[in-house]
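Protein chains: 2
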Amino acid sequence: MMRPVAKGLISIIRAFSNPNVAGILRLQTQWNSPSAFQNIRPLSMSLWPFSAQPRDFSLPNASWSPEMRRVYDHYIALCEVETIGGEKKTGPWRKLPSYNRTLKYAKGGTYLSKMIQSKARLFTRSIKEHGAAFEYVIFVNKQEKRCVCVFQAGRLLEGPPGHVHGGAIATMIDTVMGGLAACLSGPIMTANLNISYRSPITLGSVVLIHSALDHVEGRKTFLTCRVTSTDETKLHTEATALFVSINVGHLFGT
Amino acid sequence: MMRPVAKGLISIIRAFSNPNVAGILRLQTQWNSPSAFQNIRPLSMSLWPFSAQPRDFSLPNASWSPEMRRVYDHYIALCEVETIGGEKKTGPWRKLPSYNRTLKYAKGGTYLSKMIQSKARLFTRSIKEHGAAFEYVIFVNKQEKRCVCVFQAGRLLEGPPGHVHGGAIATMIDTVMGGLAACLSGPIMTANLNISYRSPITLGSVVLIHSALDHVEGRKTFLTCRVTSTDETKLHTEATALFVSINVGHLFGT
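Chains as they are written, first to last, in my numbering: chain A, 1103 to 1356; chain B, 1103 to 1356.
Simulated from the structure, these hints should not be mistaken for lab results. Quick caveat: nothing in here was measured; it's all calculated off a predicted structure. It is possible that part of the hints are untrue.
[As the list claims (entries may be wrong)] Footprint (simulated), chain A over chain B, 3 or more residues, beta carbon under 8 Å: (1) 1160 to 1174; (2) 1225 to 1239.
[To be verified] Calculated cross-link-like contacts (lysine-lysine; reagent style DSS-like; alpha-carbon spacing at most 27 Å): (3) B:Lys1221 / A:Lys1221; (4) A:Lys1216 / B:Lys1336; (5) B:Lys1336 / A:Lys1230; (6) B:Lys1230 / A:Lys1230; (7) B:Lys1230 / A:Lys1221; (8) A:Lys1336 / B:Lys1336; (9) A:Lys1230 / B:Lys1216; (10) B:Lys1216 / A:Lys1322; (11) B:Lys1230 / A:Lys1336; (12) B:Lys1230 / A:Lys1216.
Every residue gets a Cβ at the ideal spot worked out from N, C-alpha and C, and that includes glycine.
Working from the sequences, and respecting the hints, build out all of it.
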């Protein structure tokens, strides 16, 4: 049972106390994302729980390997295309921003400690040192209902000696598939992840995480995922996932 | 394809280049564990890649909540029982030790950077600050072929505001189920994780992760898992997993 929460914007968390809606809400990468929230923005702006535009962590930094930068540049180029007349316009791909916190900006709340309210950080962005943990950028192609994430695995993600922990791979799969599901279906929560590990990922290396829509059934969004080498010749991991749509009005207590 | 590695104990990683053996090897919690390695210790001691007994991180610290400590004390008491004559003897439960690194102790190696070799850390133990990330202890009951992990989720594991990230839950499920599988079947690697999220876990709270053997088929070990509140009345997450046994001699190049 959830304990009672104070009035105010921390009531956002009430959505998670619904036992019929399973899993994890995808807020982290979607805040301020027009495509994900275009239908609910007028509703939610008056209750917007964030104080300002947060910092985007999915931008190049000195820890990125040449391979990480090469793949990033490839997809960035696809985000803007040049027309015959020489003008630039939005391309088929779009880079999702990625922030490191949500709770900091929420007001009120009594059942979480003040320390957690002030210092909570998104799991994938909680390590400040560049390159030490998860370095990643998600690119979405909404028309083709798919996305690609370029992911460089840092030294703090070790499982077997010299290789990435299965839980760190699951974390990225959940993050990427959830990001795509939210872009396609709006606010959602993870209900199921089914992950098959085919071959381990070397610590420090760069891989691609491809995800695509399988089908939608009412409130359920089904997706597939493949983790491969950057040249796509080696399959590291496969996954399927189910996400359940939630009513964003419920999130804001409306 | 894996690139060639230098001779020496870093050749331990060659085991992971076998594309027919899926997933993640469970070394982290099992090193020096007599039950997991009793059959291979004479073989492997001469090639032991660690310099000394590492520090056990699954011991009480100041960040633990009273509830975390209460559950820990409950299971610790079951690790040693008193006979009718007043003597103490080993009980049905055993606490697994948990270390924060393996690669540091491996020699040689050319394809991983020196930085990664020296600074790699086990994913679940990579944050130094007590209580900020994963605080957990695994207790195994080998006779009943099951285990219980007491897990306190720190402020750096956030997914939805105020709640634990699905990837952090997957990480703990992988760690706990892999720990039990290794105790029962010896060295193994994760082949599949199938996780259903039923209700979210509040950041900062303590939950139990129960895992039990389902069945063994040749080299395959199948297990089940349930994440519950500490009073076991609330179900947060359910999972099944498949682990595949590997030849530990192969790990050491013998």
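Hints, verified against the model:
Proximity of the segment 1160 to 1174 of chain B to chain A, defined as three or more residues with a beta carbon under 8 Å from a beta carbon of that chain, is not established by the 0 residues found. With 5 residues bearing a CB less than 8 Å from a CB of chain A, the segment 1225 to 1239 of chain B meets the requirement of three and the coverage assertion stands. Distance check on the hinted pair: B:Lys1221 and A:Lys1221 sit about 25 Å apart at the alpha-carbon level, within 27 Å; holds. Taking the CA atoms of A:Lys1216 and B:Lys1336, the gap is about 25 Å. The hint holds against a cut of 27 Å.
For a cut-off of 27 Å, the pair hint linking B:Lys1336 to A:Lys1230 is broken: about 34 Å separates their Cα positions. Of the pairs offered as hints, the one joining B:Lys1230 and A:Lys1230 holds, with about 13 Å between alpha carbons and a cut-off of 27 Å not exceeded. Taken as a hint, the B:Lys1230 and A:Lys1221 pair is honoured in the structure, with Cα atoms around 16 Å apart against an allowance of 27 Å. Taking the CA atoms of A:Lys1336 and B:Lys1336, the gap is about 41 Å. The hint is violated against a cut of 27 Å.
Only pairs whose Cα atoms come within 27 Å are accepted, and A:Lys1230 paired with B:Lys1216 is accepted, the gap being roughly 21 Å. The suggested pairing of B:Lys1216 with A:Lys1322 is violated, with an alpha-carbon distance near 46 Å, which exceeds 27 Å. About 34 Å separates the Cα atoms of B:Lys1230 and A:Lys1336, which puts this hinted pair outside 27 Å; it is violated. Proposed proximity of B:Lys1230 and A:Lys1216 is supported: the alpha carbons are some 21 Å apart, at most 27 Å.
Violated hints, listed in ascending order, are 1, 5, 8, 10, 11; each of the other numbered hints is respected by the structure.
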